[in-house]
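Protein chains in written order, with the working numbering: chain H, 1 to 94; chain E, 1001 to 1202.
To be clear, the hints were calculated from the coordinates, so they are not data collected in a lab.
Being a predicted model, the structure only gives us computed values, none of them experimental.
Any given hint could be a false lead.
Unchecked claim - Have a look at the derived ranges for each label pair, beta carbon to beta carbon:
| # | chain 1 | residue 1 | chain 2 | residue 2 | range |
| --- | --- | --- | --- | --- | --- |
| 1 | H | 64 | E | 1012 | 30 to 40 Å |
| 2 | E | 1057 | H | 67 | 42 to 52 Å |
| 3 | E | 1038 | H | 52 | 32 to 42 Å |
To be verified - DSS-like cross-link-like pairs, simulated, lysine-lysine; straight-line CA separation at most 30 Å:
| # | chain 1 | residue 1 | chain 2 | residue 2 |
| --- | --- | --- | --- | --- |
| 4 | E | 1148 | H | 60 |
| 5 | H | 33 | E | 1153 |
| 6 | H | 49 | H | 65 |
| 7 | E | 1004 | E | 1076 |
| 8 | H | 89 | H | 65 |
| 9 | E | 1076 | H | 63 |
C-beta atoms are modelled at their ideal positions from N, C-alpha and C, and glycine is treated no differently.
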Amino acid sequence: MFPKLDPVLHSELRLAVMSLLAGVESADFTYIKQQTGATSGNLSVQIDKLSAAGYITVEKGFKGKKPCTTCAITEAGMEAFRSYIEALKEYIST
Amino acid sequence: MTAKESLALITETMNNNRKEITRRGGKYFVLWGILLTFFSLLVYCLWKTTGHAEWNNLWFALPIIGCPLARWIRAKEGSERTGNTVSRVISGIWATFGVFACSSALFTIIFTKCNPNPIATIAAGVSMTALIVLLFGMAETITGVALKNWAIKIAGFVTGIGGVALYYIIGEKGGFEEQMFLFTLSGIVLVATGLIVRHQNR
């Protein structure tokens, strides 16, 4: 019996965002956009979904006069990410 | 997405992210290297022209100019908190080096002000230079270890041992030209390190 893959993570862009945030303390919207190559609109929607699942925190603030959105992975997000990778490994090994 | 594609995406994103963060770190090596080279040459020229060793106090302007500049670059690229383990270790190493180097320089100044013996003053200057270059070499070598780069490891070792060699070769004779040469060399080594880091992580 295969373990069920987390539907929140099983999407290309959301998975890329989680993989990126797993390796840093936090990252701002522009950096995530640059690294994933996503459009602002799509990225914004996916970030909201990850945030609603409690996998990331989203902090909206200002850098000087410009608005700045900073994202960071939560403990629950890290745990879900680890479980997702374990599940993937099981899929591949069988 | 298949399981394989998902794992490949995770690996690729993580690798690209690690490379980008390390590549951005290279910028700070170049910045500090340019400043170090500039100040070495400036102090050397002023010291040689006027004969006053007090020009060495200009060294304290290096962190005063360098720190806000580094902070400005970080703010400009929006990476204040975008760091990984390697970049944090490297920042820690160089921050520790900066604190140790400035503290040693301060102690030397206090010591030389309290001790009127000119030979002791020169000896203190030489040993301070040797100590700073040795610390620099250690920081550079540990950076090479963290980045798994042999060129940086060797450059750090050569510069650090250069500091020790300086101490034994010129001893109490002074030799400010040799001291300034070592500082200039250290600056060039830093710039080269930054360029290597940036090239390696393109």
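Structure-based check of all given hints:
A hinted range of 30 to 40 Å holds for the C-beta pair residue 64 of chain H and residue 1012 of chain E, which are about 33 Å apart. Separated by about 44 Å at the C-beta atoms, residue 1057 of chain E and residue 67 of chain H satisfy the suggested range of 42 to 52 Å. Taking 32 to 42 Å as the suggested C-beta distance range, the pair residue 1038 of chain E and residue 52 of chain H does not conform, at roughly 51 Å. Simply put, residue 1148 of chain E and residue 60 of chain H have alpha-carbon atoms about 37 Å apart, too far for the 30 Å limit, and the pair is violated.
Between residue 33 of chain H and residue 1153 of chain E the CA atoms are separated by roughly 35 Å; this puts the pair beyond 30 Å, and the hint is violated. Simply put, residue 49 of chain H and residue 65 of chain H have alpha-carbon atoms about 27 Å apart, close enough for the 30 Å limit, and the pair holds. Our distance criterion of 30 Å between C-alpha atoms is broken by residue 1004 of chain E and residue 1076 of chain E, whose separation comes to about 37 Å. A hinted pair counts as satisfied when its Cα atoms are at most 30 Å apart, and residue 89 of chain H with residue 65 of chain H does not qualify at roughly 45 Å.
Taking the CA atoms of residue 1076 of chain E and residue 63 of chain H, the gap is near 10 Å; set against the 30 Å cutoff, the hint holds.
Hint compliance for this structure: hints 3, 4, 5, 7, 8 are not met, and every other hint is.
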